[in-house]
Amino acid sequence: AQTVTQSQPEMSVQEAETVTLSCTYDTSESDYYLFWYKQPPSRQMILVIRQEAYKQQNATENRFSVNFQKAAKSFSLKISDSQLGDAAMYFCASLSNTGNQFYFGTGTSLTVIP
Amino acid sequence: DTGVSQDPRHKITKRGQNVTFRCDPISEHNRLYWYRQTLGQGPEFLTYFQNEAQLEKSRLLSDRFSAERPKGSFSTLEIQRTEQGDSAMYLCASSLMGAKKLFFGSGTQLSVL
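Just so you know, the sequences run in chain order A and B. Quick note on numbering: the first sequence equals residues 91 to 204 in this note's numbering. Quick note on numbering: the second sequence equals residues 109 to 221 in this note's numbering.
Don't read these hints as lab results, they were simulated from the structure. Even for Gly, the Cβ is constructed at its ideal location relative to N, Cα and C. You may find that some hints are simply not true.
Stated by the list, open to error - Heads up, incomplete: computed chain A residues facing chain B, CB under 7 Å, no partners named:
#1 TYR115
#2 TYR123
#3 GLN134
#4 MET135
#5 PHE158
#6 LYS168
#7 THR188
#8 GLY195
#9 THR196
#10 GLY197
#11 THR201
To be verified - Taking lysine to aspartate or glutamate and the EDC-like style, the derived pairs with C-alpha atoms no more than 20 Å apart in a straight line are:
#12 B:LYS208 with A:ASP121
#13 B:LYS209 with A:GLU142
#14 A:LYS168 with A:GLU142
#15 B:LYS179 with B:ASP132
#16 B:LYS208 with A:ASP171
#17 B:LYS122 with B:GLU191
#18 A:LYS145 with A:ASP121
#19 B:LYS208 with A:GLU142
#20 B:LYS209 with B:GLU164
#21 A:LYS145 with A:GLU107
#22 A:LYS163 with A:ASP121
#23 A:LYS163 with A:GLU107
#24 B:LYS209 with A:ASP171
#25 B:LYS208 with A:GLU105
#26 B:LYS208 with B:ASP115
#27 B:LYS122 with B:GLU176
#28 B:LYS179 with B:GLU191
#29 B:LYS208 with B:ASP171
#30 B:LYS209 with A:GLU107
#31 B:LYS208 with A:GLU151
#32 B:LYS209 with A:GLU151
#33 A:LYS160 with A:GLU119
#34 B:LYS122 with B:GLU136
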């Protein structure tokens with residue numbers, strides 16, 4: 091089984107500033123995927139970014155980037171130039187390459203202050 | 109591509125009643141997942157289908173819960189004899205086998221009074 095831990099229940103950031111959300115995970119698998127999903131008030135989970143564990147290069151998607159530290163089992167999300175629309179719950183998740191279950195953390199609620 | 113749709117968005121029921129939720133996945137997706145999310149928690153896996161076959165079930169899925177995907181397209185999740193502890197949001201997601209990413213619907217919020 092895999093576990094995902096998000097130790098920051100709430101975070102806030104000023105509009106246009108940068109914020110980093112933390113995530114740690116535990117897995118015995120050697121090949122796996124890590125994800126950040128965003129859940130706005132509309133409730134629909136939206137994929138923000140995905141990292142394949144065998145790739146050393148950190149994934150980036152526009153203003154979103156990750157810091158993937160495989161040895162430390164850490165997977166943080168950096169949001170640059172924060173916008174009001176970034177306000178949401180953010181969930182970290184993992185998936186083993188051979189498995190079918192996605193394991194989610196408990197989420198971080200991000201507030202963007204105008 | 110209209111995305112994953114779930115119906116209803118909200119359901120209020122009395123304890124002991126049966127409820128059924130529907131999920132329509134993205135049309136070409138052969139995998140369909142059900143998750144449950146309670147307040148302050150992340151989604152928890154309930155079950156998943158590959159085409160019409162239910163391949164995996166969580167121990168969270170008690171015998172009061174049943175899920176079907178009769179023709180490998182839409183799916184239903186039924187809860188019999190609902191209990192207050194069943195109050196949660198039920199999320200459906202779909203994917204292509206091997207794609208390693210999930211596309212979620214907006215969920216069905218169940219309240220059991």
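Exercise. Would you pick out the hints that fail for this structure and give their numbers low to high?
Key: 1, 5, 6, 7, 11, 16, 21, 23, 24, 25, 26, 27, 28, 29, 30, 34
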